[in-house]
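Trainee: Protein chains in written order, with this note's numbering: chain A, 1 to 205; chain B, 1 to 173; chain C, 1 to 415.
Just so you know, the hints here were simulated from the structure itself, not pulled from any lab data.
One or more of the hints may lead you astray.
[Said to hold, decoys possible] Straight-line distance between alpha carbons at most 27 Å, and here's what the computed DSSO-like set of lysine-lysine pairs gives:
no.	chain 1	residue 1	chain 2	residue 2
1	C	K108	A	K143
2	A	K193	C	K108
3	C	K389	A	K193
4	A	K128	C	K366
5	B	K150	B	K20
6	A	K143	C	K231
7	A	K128	C	K313
8	C	K231	C	K197
9	A	K193	C	K59
10	C	K314	A	K193
As the structure is a computational prediction, the values presented were derived from the model and not from experiment.
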Amino acid sequence: MIDQDFIDELLVKHEYLSLVSHEDCLTLSCNRDHWLNFASYLSLEETFDLLVDLTAIDHGEDAEVRFSVVCHYYSRVHHDYIRVHVECASNENPEILSISSVYPSADWHERETFDMFGIRFTNHPNMKRILMWDEYPYFPLRKEFPLAGIDTPLPAPDVVEVTDASVEPAPMMGGPFVSSGSGPMSDSEPRAKDESWTEKSEKPV
Amino acid sequence: MIANEVAYNGKVEGDVIVTKADAVINWIRKHSVWPMPMGLACCAIELMASAASRYDISRFGMEVMRFSPRQSDCMIVAGTVTYKMAEVVRRIYDQMGDPKWVVAMGACASTGGMYRSYAVMQGVDNIVPVDVYVSGCPPRPEALLDAMMKLQDKIGKESSVKALTKSASAVSS
Amino acid sequence: MSPTTTKEISIGDVAAREAAGINQMDGEDRMALNVGPSHPTTHGVLRLILELNGDLIEKCEPVLGYLHRGDEKIAENMTYNQFVPYTDRLDYLSPLANNVAYAISVEKLTGLELPERCQAIRVLVCELARISSHLLGMGVFGMDAGAWTPFMYTFTEREKLYTLFEELTGARFTTSYTRIGGVARDIPEGWLDRVSKFCDELPFATDEVEKLLTRNRIFLDRTEGIGQITKEDALAYGLTGPNLRASGIDLDLRKDKPYSGYEKYDFDVPIGTRGDCYDRYLVRIEEVRQSIRIIKQVIADFPSGAWYAEDAKKIFAPPKEKILSSMEELIQNFMIVTEGPQIPSGEVYFEAENPKGALGFYIVSKGGGVPYRMKIRAPSFCNLSILEKLVPGHQLSDITVILGSLDFVMGECDR
Ligand code: SF4
């Protein structure tokens, strides 16, 4: 377990860090210019040699800083995780330094984050999509993107020719129902959260 | 059904069997369906289970799972077909020799199932013609076996000779 | 070789040829080979684009995403309990363990303490899931190396396990057994006896598999020294689970960060010495034995009492009998079903030691019944990232063995 002394020392040594919370694990927020330094510090001088996870959060279109990258390091000595939040520069073309030179495991995580959020990791050796196909135009985990999806052509033109198939929004009206829990009964009635294609709104074309 | 069966009475016909060509061809076809296991997701595990010890699909002459489309007759689409995978499924289907059949195993392959999302094709019938749909998430191996028996019935009723001559004339013309 | 050859051996995929065409063909004798996404090693729709020099692999580029179903986006659109069935389908070889990992993550966010009986049930099902996953792992690993019989033996045992699961949860492997704050139902009568009977018989089957594989000359030739992963690489690429332990690192979250009462049970963590395919197989076999040990301890001292968090009125819906006979419980059930269990805002990261490695859930909640963001840290995803480094230098025929030994599942890798 990480104790208070460790945290204090860490914060003194690196003034670009700030403590966010220490509930399930130590959560720090890091200045984006230093986050590569901090990553190499954790791996080389501390014992956090396992980068277990790297992902991002979309705080919504109206948020002041829209995207932040979150990653978790694990130490086999402390038997504990450290979580680091970093805010991305620019809400339109979010960008941040890649840490895959320090932690090779970050390579795929960063590609996935790019794929899902469109956050570009500079200096990444192979910054391209990993889960969706290369030509896919959207970033699915952004908040404005509907779960049902958006009409797009299929990546293989010859298959499209024989089958006439394309990427179509999925029907949502049978989907899992959630109640908003507030307002009059008629509004809070359980319904699918994604309303891009329901009885009220036409199937998007 | 009678018309499709091979009528044979040793005393009368000796070594000669008189039957319809369709009946013979279909009889042969339906008892040697070689599946192409298009194992995509969870349903593939049940597909494996139906090939393994307890359910033993070889009772129906279908244990010859061939991963090469060239050698197989029936594609069992077991699992979620994503848009990224759809192209591959279609290509593999195109590579299979005629006659060929498709079984959509499970809710995902049939309709998209519980995956109503941007990445999942809502049913494999968008890209390949499906002969038998199997419900369930995943269908039990019994359900798959039942579907395969239904497919056998379907094969038994096809007009194979007509299809053969039609495709032959299509090639020659 | 001429591009025509490439065209014939690949499955006719334009992209593959192009991708390979860009970074090869400098030497005359190179060849691009596309393996997958549909291929005979039975682990799922992984595709590798290989650059071959004769039979030797010089470069390997894995392509994933053929089973990307959008689980994380789906999670943002439903209540916490509604997502449980989706966790089944992450690593569909050990759904029960996924269920438990997910439930514990959300409970950690609420700070809920579970009664002992519930924890014991969860440990029990986790270990059963581990056995079932490793059995399949060993079976198909044998198959990848050319041995069909072990697969049949292990599947016979898996079928017995499925019968047990079915009795407990109603489904063979899409179990959806946990709920936030408990499990779906208590264990049925006499079930524990049947589990211990299964555990008594299982060693015979694993011994049988070992007789067929462990000292089998062909198997040894195919696996020993193949796909060696050093300790440093294993850590650098974020490997977890048996694959990490086979490289000699004793990281097992059940010991290092015990959850659900694992600290009460006595078991060993097997580690390998060389980190090759053979070691990974041995580690799995031994883990099955250790799981049996844990299960026996759980059953020997099975706690009585409540099997769900009774005081968590806003999180766990009470059992059916109560709902149907009391108004208060009916309302409680209604609220939890329609609005979801009420989870305080905050963020949490929890990893459980699953059969494939550490399955992590990172959940950001803004309060209410629906998560704001859920990231699933899938062990298979991380384990596969080493392929780029691991495969070059091996022969083409080693690919199946290496893939088999890594024992990944695409459902969880692509999510
Ligand atoms: S139908 Fe169910 S079990 Fe089958 S692939 Fe889809 S989710 Fe998995």
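Trainee: Against each hint, give a clear statement of whether it holds in the structure.
Mentor: Against the structure, the hints come out as follows:
1. Taken as a hint, the K108(C) and K143(A) pair is honoured in the structure, with Cα atoms around 25 Å apart against an allowance of 27 Å.
2. This hinted pair checks out: K193(A) and K108(C) have alpha carbons roughly 25 Å apart, not beyond 27 Å.
3. With a CA separation close to 42 Å, the supplied pair K389(C) and K193(A) exceeds the 27 Å bound.
4. Our distance criterion of 27 Å between C-alpha atoms is broken by K128(A) and K366(C), whose separation comes to about 31 Å.
5. Proposed proximity of K150(B) and K20(B) is supported: the alpha carbons are some 22 Å apart, at most 27 Å.
6. Distance check on the hinted pair: K143(A) and K231(C) sit about 39 Å apart at the alpha-carbon level, beyond 27 Å; violated.
7. Our distance criterion of 27 Å between C-alpha atoms is broken by K128(A) and K313(C), whose separation comes to about 46 Å.
8. Proximity of K231(C) to K197(C) is assessed by CA-CA distance (about 38 Å); at most 27 Å being required, the pair is judged violated.
9. Between K193(A) and K59(C) the alpha-carbon distance is near 44 Å, which puts this suggested pair outside the 27 Å criterion.
10. Pair hint K314(C) plus K193(A) holds up; C-alpha atoms about 21 Å apart against a cutoff of 27 Å.
Violated hints, listed in ascending order, are 3, 4, 6, 7, 8 and 9; each of the other numbered hints is respected by the structure.
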